[in-house]
Each structure stands twice: as structure tokens, then as C-alpha cells.
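Could you build all of it, start to finish, from the sequences and the hints given here?
The sequence shown: position 62 = 62 (full-length UniProt numbering), numbered continuously.
Simulated from the structure, these hints should not be mistaken for lab results. Any given hint might turn out to be false.
[Unchecked claim] Straight-line alpha carbon distances no greater than 25 angstroms define the calculated SDA-like cross-link-like pairs of lysine to any residue that follow:
#1 Lys216 to Asp149
#2 Lys216 to Pro174
#3 Lys216 to Gly239
#4 Lys216 to His47
#5 Lys216 to Gln117
#6 Lys216 to Ala160
#7 Lys216 to Val179
#8 Lys216 to Arg169
#9 Lys216 to Gly176
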Amino acid sequence: MAPSSVAPSFITITSSTMMMYQSSASAAMGSTKHLKGQGPYQQRLLHTCQQGTADVIPIVFIDYFPQQGNGWPGTNFGNQCGTGVYSAPGYDGVDNPANNQLLNDCPSIAPDIPICQITYGKKIVLSLGGGGSLNYQLTGEADGIFFADFLWGAYGPQNATWFAEGNSRPYDGPNGEEVKLDGFDFDIELYSDDNSVGCIAMINQLRTHFASDPSKQYLITGAPGCFAPDQSMGNMIAGAQFDILWIQYYNNAMCSARRFIDADIGFSYDTWTAILAGTASANAKLYIGLPGDPYSASTYSLTESYWLNQTEPAYLLSIYACRPNFGGVMMWDATSAENNILSNGLSYDQEIKNLLLVLEVCLGIAVAR
1 MAPSSVAPSF
11 ITITSSTMMM
21 YQSSASAAMG
31 STKHLKGQGP
41 YQQRLLHTCQ
51 QGTADVIPIV
61 FIDYFPQQGN
71 GWPGTNFGNQ
81 CGTGVYSAPG
91 YDGVDNPANN
101 QLLNDCPSIA
111 PDIPICQITY
121 GKKIVLSLGG
131 GGSLNYQLTG
141 EADGIFFADF
151 LWGAYGPQNA
161 TWFAEGNSRP
171 YDGPNGEEVK
181 LDGFDFDIEL
191 YSDDNSVGCI
201 AMINQLRTHF
211 ASDPSKQYLI
221 TGAPGCFAPD
231 QSMGNMIAGA
241 QFDILWIQYY
251 NNAMCSARRF
261 IDADIGFSYD
271 TWTAILAGTA
281 SANAKLYIGL
291 PGDPYSASTY
301 SLTESYWLNQ
311 TEPAYLLSIY
321 ACRPNFGGVM
331 MWDATSAENN
341 ILSNGLSYDQ
351 EIKNLLLVLE
361 VCLGIAVAR
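Now the structure itself:
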């Protein structure tokens, strides 16, 4: 992709940038990212883009890799798709149609992508992995290069050779209009069978493809857990260039944002900064990942929720938003953050976005606990 110097701007949620798993809005300090999730009650992608809080929106997930998906990847987008799948070609000489998993009927996602990109200025990336599947592994460099070539052919610019080989492009328009995504997100939560050799080769090959299309600034992003280095993604992050890391500060009690608020210990932001130095991802922007409501990232009971209440994020961000590698805030996920209405009448994602825009901590304004 283009440079690692992506302007902070997420409600994904990321610095004045936010990212939402589904997310995008630029500002001086950071951005947000919202994850577009797999749940049964997800709003369509366009709805998330229209809210204005997110700058980058990952669509989740590609949760089968070609080795497990009969030669092509497989997708799961919750209530946004039907059950029909493409016929994959088989893997390593074996064709098992029962393993076909690439959805071919997602009537709301495909038309929403270009509207989100052109009308609302959002970055739409496709997320790989997730915690709900055991069906994504690569075995070596060749597998990684093949997978990168598939993703570029299916979701990058149109290519005559790709069509001539009879391959599919799930998101192109009904009359063949080109739809290309803004990059790929890695949320790898399984231990790698090949020490991430395949994923590193995959990312490097994607970057080679990105360089062939200067019309768009493509992104490679990742969502490691907060423990540093992440056991599933550490080798990958060190060995391949990531532009953004949305660190999940809600999936491990020892390094969660909740623990930092409660006890001022364990928060791993500075540890991540230190271990990235000298690696391929040294220039990655870091996003602080937070749950969108008390229920979206709890431990065993609501009383142990990782969620930060209406007032707590200001203290956290007042400390970290001035770090030179701070990118913004990420939220899991878009629907939970939007539906979480606070006492001031704002949704949680709106509250965080406003905080990122107004909290000018770099000008010396202190925020009390």
C-alpha cells in the first residue's frame, strides 16, 4: 500500500480517526475504525458509512483460507448474505465441493462499497481470520503468494487475465462496473502452522500488487491482541509491513484498557511501540481498540465487562493521543457502539469521535480521571 503515514482518523475508532468493525472520519488528532460484524442484527454497510463516525470500515470475515476452502477462501458476513457459494477449483489436486465457502449472494454489501468510498469518503477493507473459525491456515510461501494473487484478482482492479481464467469478482456491479476495496485487514487468532511464512509472503505480494495501481492508497491493517508481542501475529507484524494496528484492548484482562482505568497498570501501548522499533511495521499507526458496549467484550459476567463508561476514555486518551504513532480508536463493533446510547443522548461511537476531535491534549489540556 501506500505509506504507513495514514492520518489518524478512526471510529473503526482510531485517533481522530475511528475504525469500526464495520468505520471513518478524518481529523487532526486521530481517527476511528468500526468493525462491520457477523452478527444476526447488523445494519447494512451503507448505514454505518452514513453515521459519519468511522473512517475505516473492515468487513468481517474471510474465515476460510484456500487450503481449507477447496482452493478459494470462504466468507461469513452474518445476516448480509444468503447461503449460496461459488464453485471453487479444488486444492492440491483434490476437488471437494463440500468445502466451498465463498459466498456469492451478498446483495447489500456489493452496491454499498462504492457509495461508501465515493460519497462518504470511507476506506473499506476486507478482514481475514477472526476468532470464530478454525479454518484458516497457510502452509508456506507459495500458499501465501497464491492467496494474495486471488485477493487482488477478486477485490482489486479488474484484470483481463483474471476474467479469461473464469474467476469471480464478488463485488463488481451488475453491469460489470469495477469495485475495488481499499486493502486487507488481518485478525489472525490461530497459531500459525508455518511460523507465519505464508502470511508474510502474502502481505509482501499484496504490496507488490498495490504498487501497480497508484490510483488508490491501499492499506494493510492488523488486529492483534493487547499482549505484546501477540502470539498469533507477532512474527507476521515483525516480518511484513503493516500500516495500521488496531490493538484489541478488550480480550485479555492483564493488558486491557479496563485494567488500566482501574489500576493504572498493564496497558501495553508503550510495549507495542518498543517491540515494533526496527521491524517491518515500525511506522505503523496504533489504534486503541475498545468494546462498543458492556456486552460486546465481557469476561464471564457483566460486572467484569471490559467496556469503558462515558467518562473513562477521556483519561486514557489524554495520556496516549499525543504519542507520535497514535492513530485513533477502534471499536468492536459498529452495531453495538451505535446502539449504546449514553446519558447525554449521544451514541458511544459519537461520544468517542467527539472526544477525539475536541480533546486537544497535545496543546497541554489535562484531563482528570
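Each hint, compared with the structure:
The suggested pairing of Lys216 with Asp149 holds, with an alpha-carbon distance near 18 angstroms, which does not exceed 25 angstroms. At most 25 angstroms may separate the alpha-carbon atoms for a hinted pair to count; Lys216 and Pro174 meet this at roughly 23 angstroms. Distance restraint check for Lys216 and Gly239: the Cα-Cα separation of roughly 24 angstroms lies within the 25 angstroms cut-off, and the hinted pair is therefore satisfied. About 24 angstroms separates the Cα atoms of Lys216 and His47, which keeps this hinted pair within 25 angstroms; it holds.
For the hint pairing Lys216 with Gln117, the CA-to-CA distance comes to about 11 angstroms; that is within 25 angstroms, so the pair holds. Taking the CA atoms of Lys216 and Ala160, the gap is near 19 angstroms; set against the 25 angstroms cutoff, the hint holds. Our distance criterion of 25 angstroms between C-alpha atoms is met by Lys216 and Val179, whose separation comes to about 12 angstroms. For the hint pairing Lys216 with Arg169, the CA-to-CA distance comes to about 18 angstroms; that is within 25 angstroms, so the pair holds.
A C-alpha spacing of about 20 angstroms is found between Lys216 and Gly176, which places the hinted pair at or below 25 angstroms, so the restraint holds.
Against the hints set out earlier in the document, no violation occurs for any number.
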